[in-house]
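Student: Protein sequences appear in the order of chains Y and X. Start counting the first sequence at 23; every next residue gets the next number (our numbering). Start counting the second sequence at 155; every next residue gets the next number (our numbering).
Just so you know, the hints here were simulated from the structure itself, not pulled from any lab data. The structure presented is a predicted model; accordingly, all values stated were derived computationally and were not measured. Glycine included, every Cβ here is placed at the ideal spot set by N, Cα and C. The reader is advised that the hints may include incorrect statements.
With a straight-line cut-off of 35 Å between C-alpha atoms, the simulated DSBU-like cross-links for lysine-lysine are [claimed, not checked]:
(1) Y/Lys-199 with Y/Lys-400
(2) Y/Lys-365 with Y/Lys-156
(3) Y/Lys-156 with Y/Lys-339
(4) Y/Lys-353 with Y/Lys-430
(5) Y/Lys-270 with Y/Lys-430
(6) X/Lys-265 with Y/Lys-124
(7) Y/Lys-302 with X/Lys-276
(8) X/Lys-514 with Y/Lys-140
(9) X/Lys-276 with Y/Lys-337
(10) Y/Lys-430 with Y/Lys-394
(11) Y/Lys-156 with X/Lys-514
(12) Y/Lys-135 with X/Lys-559
(13) X/Lys-514 with Y/Lys-328
(14) X/Lys-514 with Y/Lys-146
(15) Y/Lys-339 with Y/Lys-25
(16) X/Lys-534 with Y/Lys-146
(17) Y/Lys-339 with X/Lys-519
(18) Y/Lys-365 with Y/Lys-140
(19) Y/Lys-456 with X/Lys-276
(20) Y/Lys-95 with Y/Lys-339
(21) Y/Lys-540 with Y/Lys-157
(22) X/Lys-276 with Y/Lys-135
(23) Y/Lys-70 with Y/Lys-276
(24) X/Lys-276 with Y/Lys-107
(25) Y/Lys-337 with X/Lys-559
(26) Y/Lys-95 with Y/Lys-394
(27) Y/Lys-140 with Y/Lys-302
(28) X/Lys-515 with Y/Lys-124
(29) X/Lys-534 with Y/Lys-135
(30) Y/Lys-328 with X/Lys-559
(31) Y/Lys-114 with X/Lys-551
(32) X/Lys-515 with Y/Lys-114
(33) X/Lys-276 with Y/Lys-430
(34) X/Lys-276 with Y/Lys-114
(35) Y/Lys-456 with Y/Lys-511
(36) X/Lys-515 with Y/Lys-149
(37) Y/Lys-157 with Y/Lys-124
Derived Cβ-Cβ restraints for the label pairs, each shown as a range [what the hints assert, rightly or not]:
(38) X/Glu-492 with Y/Glu-110: 40 to 46 Å
(39) Y/Ile-102 with X/Asn-304: 54 to 60 Å
(40) X/Asn-304 with Y/Glu-338: 32 to 38 Å
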Amino acid sequence: MHKGYLCLVLHAHLPFVRHPEEEQFLEENWLYEAITETYIPLIQIFEKLVEDHVDFRVTMSLTPTLASMLQDKLLQDRYIRHINKLIELADKEVQRTGYDPKFHGLALMYYRKFIEAKEVFADKYKKDLVSAFKKFQDLGHVEILASCATHGFLPILGINPSDAEAQVRVGVDHYRKTFGRDPVGFWLPECGYYPGVDNFLAEAGIKYFFVDSHGIINADPAPKYSVYAPLYCPSGVAAFGRDWESSKQVWSSKEGYPGDTDYREYYRDIGYELEYDYIKPYIHPIGFRINTGLKYWRITGNTDHKEPYVPEWAKEKAAQHAGNFMFNREKQIEHIAYHMDRKPMIISPYDAELFGHWWFEGPMWIDFLIRKIAYDQKTVKLATPSDYLREYPVNQMAVPSPSTWGYKGYNEVWLEGSNDWIYRHLHAAGDRMKELAEKFSNCAEKGKNDLARRALNQAARELLLAQASDWPFIMKTGTMVEYAQKRVKLHINRFTRIYRDMMNGLVDKEWLMDVESKDNIFSDMDCAKYYSSRLPAQGGSLEQYSSSKAEGRVEK
Amino acid sequence: MGAKKTKIKKREPIERVYRNGREAIVRVVRKKAKAKAVVSTPVIPPCAIQEYKRGPARIALNEYELPSYDTATKITLIAKDPFWLYAYWDIAESSIEDVKRQLGGNLDGTKFIVRMYDVTYKNFNGFNANHWFDIEMGRHSSNWYISLWNDNASYCGEIGILHNSGRFFPMARSNFVHTPRANSSNRFEEIWMDLSHEEPPQAPQGPDAKAGGARAGTGGSVQYDTAGRVNYASVSRKKKIYLNIADLKNYYGRLSPLLREIMFSRVSRKRLYRYLYSAMSKAEWHDILYFRRLHGAKFGRRTMLGASEFMSAGASENLGQGASEFVQPGKKRKFFFEIGAELIVYGRTEPDAEVRLGDKKVELKSDGTFSMRFSLPDGKIGLPFIAASNDKIETRKISTTVNRKTE
């Protein structure tokens with residue numbers, strides 16, 4: 023009989039990056055790389071597990087921005103172009119390394135991987151990877167979390183409660199539309215919690231969310247069972263706390279598994295190493311070198327000296343590390359369970375993109391871990407938070423402490439010298455959005471004034487896009503800073519332009535159509551209604567509302 | 155009132171000084187409210203939005219030039235961590251003019267300040283802050299990081315002009331912020347909530363789950379089922395203490411429990427009892443005190459903390475942000491020298507001939523030339539090429555060997 027649970031949470035998220043105006047756009051590669059290196063390997067692993075009848079439960083988020091991109095026709099077609107290019111490059115590499123036993127096998131490995139990726143993407147799932155994850159959810163193996171519309175950082179956006187609420191509600195409605203069911207759990211972007219945000223979640227029908235360890239440990243009153251059991255917020259939504267020990271083992275690049283010397287080195291890419299003319303067709307069209315995804319070296323050690331990657335060794339290490347992780351969880355659970363009147367649950371949340379993209383062997387590690395937990399021991403069981411709440415509906419009530427999973431545990435990552443300037447604009451735009459929605463909601467009904475409705479909705483989309491927590495995060499970390507700054511400015515400006523135009527009573531239709539086609543996230547949702555107190559919030563009822571009105575008119 | 159304002163006696167309470175400054179703001183606010191009431195009610199035509207093509211220059215915005223908001227004075231506070239706040243503000247020229255008028259036309263002997271009020275556990279009305287402090291600003295600064303002494307406190311700020319005489323003319327008041335706790339709570343009473351009567355989280359099995367239904371669950375209002383409805387004996391043998399609704403509201407009203415701790419030590423028990431827990435019975439009250447004194451309770455909890463114990467202040471200290479440590483740009487190398495060798499082999503034949511390297515076919519270009527490149531490791535490589543004419547009658551064989559040696 024098992025003594026406790028392990029909850030593996032993979033947070034899959036990318037900011038909305040889609041640039042139809044340019045033939046090739048560097049930042050779109052974030053998506054393509056993540057598809058090849060993370061999402062498809064995960065899908066392959068899940069498929070294999072289902073095929074082998076392994077019992078497993080994984081909790082995953084698939085944020086609205088990521089899901090929208092995965093379902094976007096343009097980006098799907100561009101991914102095909104991208105993967106074709108990679109297959110071509112890998113093919114060339116197979117030939118080029120023909121006499122070099124150290125690398126020939128690696129080139130073949132990449133070639134095979136790319137071919138498989140294309141097969142999964144194009145043939146198996148008809149370019150729609152969201153349907154793959156939906157399938158695993160419907161099979162009962164993966165529980166997909168809802169998340170904020172555009173990964174807005176709620177502790178700071180929450181200064182305008184309407185902004186935080188709209189982020190939550192757009193996210194939840196998008197989830198219903200995408201996955202055809204009501205969400206149970208919610209991923210607070212960056213685990214950013216503040217007391218009161220749970221009220222919005224409760225209103226949207228959410229049952230649980232996650233916070234960082236100190237959100238639970240510093241909760242008031244103090245929690246009896248630390249992070250190993252959830253707390254109910256007074257609103258009745260459960261807060262699950264991240265287990266720090268298990269997080270560190272995987273996250274930390276120094277002490278953690280991903281830093282092992284046998285694993286693949288991320289920073290040595292043939293995009294930077296091979297002769298310029300040869301690699302030129304596969305790097306950025308302007309000519310600067312970028313990562314291609316083909317990497318031939320292992321971490322080796324702390325110096326610049328690198329040895330060639332040996333897949334067999336890496337696989338062996340991944341198995342060892344999965345065993346070690348499981349062993350530690352067993353010991354942890356045995357120890358904790360002794361102090362508790364219920365089974366403890368260990369929450370281990372990670373960015374999904376860590377697995378595969380940064381840590382090449384990560385998906386393999388997950389595979390080993392799931393299989394080992396299923397067959398090699400009896401102490402730990404994989405479960406999702408909703409499994410746990412079904413088993414234990416009585417939990418301690420306390421108010422979690424405001425917290426995030428960022429550096430130092432609070433808001434510093436998203437609020438510091440490099441990025442604090444954005445909040446003046448985000449908050450002001452939030453106020454203006456509310457003003458617009460209140461003022462023009464009467465013409466936002468369907469069929470009344472199409473132009474006004476479209477302008478209003480586009481204003482809401484621009485605001486949501488500007489609010490993504492990715493922008494301040496990128497500004498802080500210092501890579502691609504310029505792009506993040508541009509994006510915030512761009513969306514704020516587009517928003518401001520619509521705001522001013524509407525206040526002046528004139529909207530430039532051509533310009534609006536152009537913007538609509540570029541920032542087309544949530545294009546089939548009425549985003550503005552979430553900011554208005556007048557319009558009914560629920561999906562279908564809007565139509566009912568306007569049609570009943572129309573009927574009234576006919577009678578007269 | 156206006157006459158009074160100019161004559162302030164030296165030893166008048168400080169609130170008085172305040173109040174005078176404040177009245178100005180109240181008046182302005184009222185005026186604004188009135189003005190707003192007039193402006194916002196007129197009937198907006200059902201829809202005033204019309205279309206136009208190619209906007210005139212006045213509306214064209216540079217896509218990367220940010221808008222400014224200095225038509226209204228506004229200040230906003232954001233908590234950065236338990237001990238730091240961030241404040242940003244915009245000052246409208248008209249607010250300054252207002253103050254100028256009150257000061258008789260000029261701003262001599264004044265400075266711009268942000269006045270920060272500690273309003274922890276207070277229902278702030280302008281005068282009842284626990285304490286306050288000023289931060290001097292330049293006219294053109296627009297944001298500031300403010301360091302604090304205590305965690306878990308509530309703050310509110312005002313941007314305004316301070317005159318040498320001590321009069322303060324606030325121009326705008328901020329939102330209220332509450333800083334996070336830096337340590338674990340001192341309260342150990344247990345409150346349990348039973349949600350089993352609610353619809354349990356929907357089982358993930360089965361794809362036929364209903365979609366887009368009405369809001370499930372709590373039905374809008376928070377249900378505090380904390381009382382004896384649950385059979386606690388089965389949960390734990392320790393006494394359970396629960397709080398009343400008003401106390402729960404205090405949590406959300408962000409009134410600091412920390413202050414209660416301080417009051418425990420300062421105020422007589424009886425008064426405190428009346429003040430805080432008037433709805434509780436004496437026995438319950440006794441339980442709280444009893445529980446607080448249980449040393450074992452604290453100790454037991456310590457063992458529970460396990461790994462997380464050493465992370466008293468803000469958890470993920472050493473953790474970096476998620477992937478951020480991976481995102482760091484590549485490492486700095488000073489000097490480096492690397493050498494690689496590649497081998498290019500090329501040749502030509504009839505365009506319609508077939509060339510093989512070993513058993514692999516070589517692609518010919520349309521003019522019959524071909525070229526191949528190989529990575530060249532140390533050692534010996536043999537390259538046996540065979541060309542066969544289109545009709546397979548003639549074949550030619552060329553074998554070449556390359557030897558690389560690195561020292």
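Student: Now look at each hint and say whether the structure bears it out.
Tutor: Against the structure, the hints:
no., hint, verdict
1, Y/Lys-199 with Y/Lys-400, "39 Å, violated"
2, Y/Lys-365 with Y/Lys-156, "29 Å, holds"
3, Y/Lys-156 with Y/Lys-339, "31 Å, holds"
4, Y/Lys-353 with Y/Lys-430, "28 Å, holds"
5, Y/Lys-270 with Y/Lys-430, "14 Å, holds"
6, X/Lys-265 with Y/Lys-124, "72 Å, violated"
7, Y/Lys-302 with X/Lys-276, "66 Å, violated"
8, X/Lys-514 with Y/Lys-140, "26 Å, holds"
9, X/Lys-276 with Y/Lys-337, "60 Å, violated"
10, Y/Lys-430 with Y/Lys-394, "34 Å, holds"
11, Y/Lys-156 with X/Lys-514, "44 Å, violated"
12, Y/Lys-135 with X/Lys-559, "33 Å, holds"
13, X/Lys-514 with Y/Lys-328, "32 Å, holds"
14, X/Lys-514 with Y/Lys-146, "32 Å, holds"
15, Y/Lys-339 with Y/Lys-25, "27 Å, holds"
16, X/Lys-534 with Y/Lys-146, "44 Å, violated"
17, Y/Lys-339 with X/Lys-519, "45 Å, violated"
18, Y/Lys-365 with Y/Lys-140, "43 Å, violated"
19, Y/Lys-456 with X/Lys-276, "29 Å, holds"
20, Y/Lys-95 with Y/Lys-339, "39 Å, violated"
21, Y/Lys-540 with Y/Lys-157, "30 Å, holds"
22, X/Lys-276 with Y/Lys-135, "62 Å, violated"
23, Y/Lys-70 with Y/Lys-276, "31 Å, holds"
24, X/Lys-276 with Y/Lys-107, "64 Å, violated"
25, Y/Lys-337 with X/Lys-559, "32 Å, holds"
26, Y/Lys-95 with Y/Lys-394, "39 Å, violated"
27, Y/Lys-140 with Y/Lys-302, "23 Å, holds"
28, X/Lys-515 with Y/Lys-124, "23 Å, holds"
29, X/Lys-534 with Y/Lys-135, "30 Å, holds"
30, Y/Lys-328 with X/Lys-559, "20 Å, holds"
31, Y/Lys-114 with X/Lys-551, "25 Å, holds"
32, X/Lys-515 with Y/Lys-114, "14 Å, holds"
33, X/Lys-276 with Y/Lys-430, "29 Å, holds"
34, X/Lys-276 with Y/Lys-114, "71 Å, violated"
35, Y/Lys-456 with Y/Lys-511, "20 Å, holds"
36, X/Lys-515 with Y/Lys-149, "34 Å, holds"
37, Y/Lys-157 with Y/Lys-124, "40 Å, violated"
38, X/Glu-492 with Y/Glu-110: 40 to 46 Å, "26 Å, violated"
39, Y/Ile-102 with X/Asn-304: 54 to 60 Å, "57 Å, holds"
40, X/Asn-304 with Y/Glu-338: 32 to 38 Å, "53 Å, violated"
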